[in-house]
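Relying on the hints, combine the two individually framed chains into one complex.
Just so you know, the protein sequences line up as chains A and B, in that order. Numbering follows my numbering, with no gaps: position 16 of the first sequence is 17. Numbering follows my numbering, with no gaps: position 6 of the second sequence is 165.
I should point out that these hints are in silico values taken from the structure, not numbers from a laboratory. The beta-carbon is built from N, C-alpha and C at its ideal position, and this holds for glycine as well. Take the hints with a grain of salt, since some may be wrong.
If you want the ones that stay clear, here's a sample from chain B, every Cβ over 10 Å from chain A, calculated [as the list claims (entries may be wrong)]:
| hint | residue |
| --- | --- |
| 1 | Ser221 |
| 2 | Gly239 |
| 3 | Leu399 |
| 4 | Ser434 |
| 5 | Leu470 |
| 6 | Glu518 |
| 7 | Trp529 |
Restricting the straight-line Cα-Cα distance to at most 30 Å, the calculated cross-link-like pairs of lysine-lysine (DSS-like) are [as the list claims (entries may be wrong)]:
| hint | chain 1 | residue 1 | chain 2 | residue 2 |
| --- | --- | --- | --- | --- |
| 8 | B | Lys214 | A | Lys105 |
| 9 | A | Lys125 | B | Lys214 |
| 10 | A | Lys123 | B | Lys214 |
| 11 | B | Lys474 | A | Lys105 |
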Amino acid sequence: MFVIKYRKIFLSFTTILVVASLILIFTWGLKPGIDFVGGSILEVSYPDGRPSTEEIQNRISNLAIGNYSVRPIGENGYIARTKYLNEEERIALVNTLSLNSSEKIIEERFNSVGPMIGEELKNKAYISIAVVILMTILFIAFAFRKISKPVSSWKYGIIAIIALFHDILIPTGVFVVLGKFAGAEVDVLFVTALLTILGYSISDTIVIFDRVRENLNLNIKMHNFKETFADTIGKSLNQTYVRSFNISFTTFLVLLSLYIFGGSTTEHFALTLIVGVIAGSYSSIFIAPALLLLMGGKDTKTK
Amino acid sequence: MWKIRIVALILLIAGISVGLFLYDSETNPNSKSHFKLGLDLASGTQLIYRADVSKLATAEVSESMQALRDVVEKRVNVFGVSEPIIQVENGGLGNSDEKRLIVELPGVTDIKKAVEMIGKTPLLEFKLVDKNYVPSEEEKKDNKISSQAFIDTGLTGRFLKLAQLQFGQQGGLSNEPVVSLNFNTEGSDLFAKITKEHIGEVLAIFLDGEPISLPVIQQEIPNGNAQISGRFTADEAKELVRNLNLGALPVPIELISTNSIGASLGQDVLNKGVSAGILGIIFVSIFLILLYRLPGLVSVVSLGMYIVIMLALFKFIPVVLTAAGIAGFILSVGVAVDANVLIFERMKEEFNEGKDNAEEAIKNGFSRAWLSIRDSNISGLITSVVLFWFGTSMVRGFALVLGIGVLVSMISAITISRTFLLSIYKKSPGRFLRFMFGAGFKG
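So here's chain B without its partners, still in its complex pose (with noise of 0.2 Å):
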């Protein structure tokens, strides 16, 4: 007897200080362990992209993908957002060779500006002149260069081993910014030969499909270096060396899908997900003490305990909690109390038929009540590994905060809601006692 109560007292003493820690840890400003929330409470912004990696040998595929991660976790990094979760997955059901980029960015509400610094490839080109272009009418009216007047040396950006910045190397105006370009092994080859054989030639280098400077070939150039001078200013000249040395993206991207939302939106679905869960934890905790008075207060204190636990294994899994997973949550604590009403239920049936000794009673209740409850459990865990295959990352907090519900709520139920029934019952009660013990059993 005082053992098992001694034993409750330490659950009790460990749920609180539980509670407490999680209470100190969401209020505290220092605290390092807060609750990680999803887009959608957090507010912020989930692209999509689809990637095509029709022209890739299979055996590239998933290296090429790698390298795309990398490319866009460091676009990413330098614009500063914290904690972007970048992952590549395979299209679903039927598309399954498609490979897609995740690209989460919390706190970035600006999916312009977002869209924009992931997908900005700075393509570079180098292109000679077309001798047999005949330019229209038009073109020369307004003497104006098309890009069709040039063909395609093969040497882009691609080859490039370092972009750098460097100020008036042209003679000339000192102050203007060049950006000097080193090739690769492969790359300075091609330049080479490209240079070698078009001497006299004009080899236009082309940015993003618009030509940016039009150097003409004075000599082969053997070691791999150009540089591009015109019409930039120091800034652009240094935005254009970061790109450049960012790289371009190994495999071509088209955004599939969006998902944004702003802060106000996200932190009232916050609130109202929250003040949802506190009052019906109420609702229910009335009810139990209502209709199984003290068993009911019992079964509200291991339902404290069950809240403090998962709340605990949300911080430290960590889960990443969204509206849906919210409503997971509150739906969970419903049913974390069925274990304890199926308890409750199965040692009124003990007292009824007329054992008197109160211990067995309860000790019974819950070896009967544990095939139901593990048989209502089984069905909710089936559907929660089958929610978590279904998911997308909302569905997905749904199912894990669910499942990790349904484990948590057998455990409580069978061996703290046990413990403090046990710990608190009295072989010889008095009227008060018998009266609270009375409605849940002897009805």
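Isolated chain A (complex conformation) (with noise of 0.2 Å):
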């Protein structure tokens, strides 16, 4: 199976992306958006026209509401985002961009969050987040309780979490790239995405261990041990990795539909989970079985 033949390029490919991701988090960072920091967003449009971008920036500057930023939206619309307004400030705002009404206007959108409920929902998101891996973790325990010989569960387990972790690794990563180069904020959608990954990735990955488990004693049993611990996961690889790819696939095509043709609403939300899904499905197939290789090795030989 050339999946194991060239694990070892895989590997490293894996470690490079993960590693750059980490690199990424931590120096451009994750930026948070107005539903964890609390925040304005002002979204309206000019159904005879906007104005300039620099007129509307010189007008709003002149507003005592900090710092702000405006970016044009679609054909004739400006999206402004700021720090938390009361309804004095909005007002002022709405009338700013509305040139004092010389500029006919359309409120599209205006989303508006109290600092302390961003801080809620930040804390929310952090706890959600440890919840679902620590329930996987459990599951992933209660999927594998039965069976230690000859690889003990808890390496399943351990590979299977490793996994985990580089399916949300990847899809942040790349939402740091989306947030640097296209403004995108992490919001209560990207959260979202990140669970969903979390609770979807995982299954791939089971199948192929329940069968590497299945093949693991037939072997025993059938084979007295002839067949190499590489060979029983290539097998085991072989008789998955189709299904695993077309499972995928199917999510892949529904996800790519939303991306396209969803609207700026889901379109980052489909985005990282696109790159989730893709990760989830390349680390079942290459990551998993490599590590479970790696880790799992030692005992089949002492046997």
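Have a look at this one:
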């Protein structure tokens, strides 16, 4: 099986990707959105054509609302991000954007989150991620509770968890890049995407490990350890990778359609999920079996 | 064999009729069971208030919050908002003592108006003149009355039983609007005491911190009736009466989060979500049919059934659909196919192991795939539950849709796909059928 044969290449490639993601996360960093730090977003459109960005910026600078950013959106709109605005400040901003009511504007969307709510949601996000990881570890322990020979069950668990971290680090790294160049901000949907990836990427790995276990038993019973561990893993992969790929591919197809046609609300969400699905599928086929061979190889030889 | 075909036919007819019903209930203008759309799709405003309960005894908090909810609901209803949602929620982590009021107003996109209609508390106060107050030079010059010149009596709109609009009672100008106030027992006693002890003094009536009437107390008023006359037009008086009767908010509130989506943006998000869903389903169907031929077609039919069941559930639970919820549904379509793929791959192995009896292979494929299906769905369910807890209302929609999707897809894969597959299989297939089944299985 080529995956096993060239495992060092795949492992190195993955290590580079993970390290690169970590570096990106710690240097450029994730850009927190208003969901988590509080702030306001106001999107307006000008049915009769929008004024120039400079004009808008000049006028907003005169308002005492601190730092802000204004980006054009669509064909005739602007989107302004500011600190948390109260009702008077919001009215002042709307008034400014309409150039003191001389331009007709439509308020497409206003979203304002108080700093306290943001802080609260941020804590909730950390706890949610921790809980899902913990539950997944328990689930893995449960799924592998019966088998401990010849490879101890905790090793399957550890590898599954390594794969899990791989699967959320890569999309997070991609999101950092997205934040840098496309202004993507970490919002509730991003956390949702991560949690969803956590929930789904693990099942692929478990399916493949299930097969390895089954074949290890077969090898013990029927072939009296004639097969090497590498062959057993290779055989198990051969039996499962088509299915793994097909499953991920259907999910990929729907997400792709969501990304392309689903509009801007869920665009980054869909992209994060797509990267997560690819990373998840890749790690269960290319990484988890290779790691299993690395960690469990000794156990099988001593028998 | 015939039995299972009849069951398959019944399933198919049931699926089609539910589909037709769904189509009719969405397109028929008289229908009362449209999908429930969240504010981000239907447009509207969500306001989150923090209620200041620090001055209340712990035992009173939940009752006061209920009263707050009721007052806000009354105010919203007066403005004719259709199907508003007003909920009391506890603050999140670390702030669990905090009480919040979440107000969702579908169709309302004028935030200013919404905030006003909820937050406008007519604060009615009765104050006596402070005899020790020395007006500043500026005040004397402008002949203005500073609110500092008055002292609180403790009598406020809180003690009000009823406010009414009357015309021209104070003699003189007969068409002048007058607001007549009727205090409750406690308020009447207080009012009687004040009027008794301060005959000849001015008892100023303040509305929202501004003096609106400065009557002089002529005599003790024991019956709890007072009148405000003076500076308003009939319309203003009418509005004041209505606001006074709706009552002051029992708990002070502060706006801490606003979310408002305009009509055109919401519609745009909805349209895009729906077209992304339809295209996604088409892509997956093409892929399944190319890959698995006849069984692929079967799984497309059962995917159709899955979609119909899900949509029917959305209607009848009902699930409030948000942009994230639609994304969740689209994702769940991809995941729902998983179970079918697992089953087909298992069946393929059964065939490859040389089992010629296809019926047995189909049945074995299903029973052996079940464990994998169950395992992968358990982790999906764990995620859905945590997400639901994590969620803001937007994410809750996603979690709920995904969770329901996991359960329904499990059921539809192991019952519906199985029934269809078993019903079309022939014991001695012709060349055409062998080809149709072949691609998926003998490869």
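Okay, the hints, checked on the actual structure:
| no. | hint | result |
| --- | --- | --- |
| 1 | Ser221 | holds (21 Å) |
| 2 | Gly239 | holds (21 Å) |
| 3 | Leu399 | holds (22 Å) |
| 4 | Ser434 | violated (5 Å) |
| 5 | Leu470 | holds (16 Å) |
| 6 | Glu518 | holds (22 Å) |
| 7 | Trp529 | holds (13 Å) |
| 8 | B:Lys214 - A:Lys105 | violated (45 Å) |
| 9 | A:Lys125 - B:Lys214 | holds (28 Å) |
| 10 | A:Lys123 - B:Lys214 | holds (29 Å) |
| 11 | B:Lys474 - A:Lys105 | violated (38 Å) |
Violated hints, listed in ascending order, are 4, 8 and 11; each of the other numbered hints is respected by the structure.
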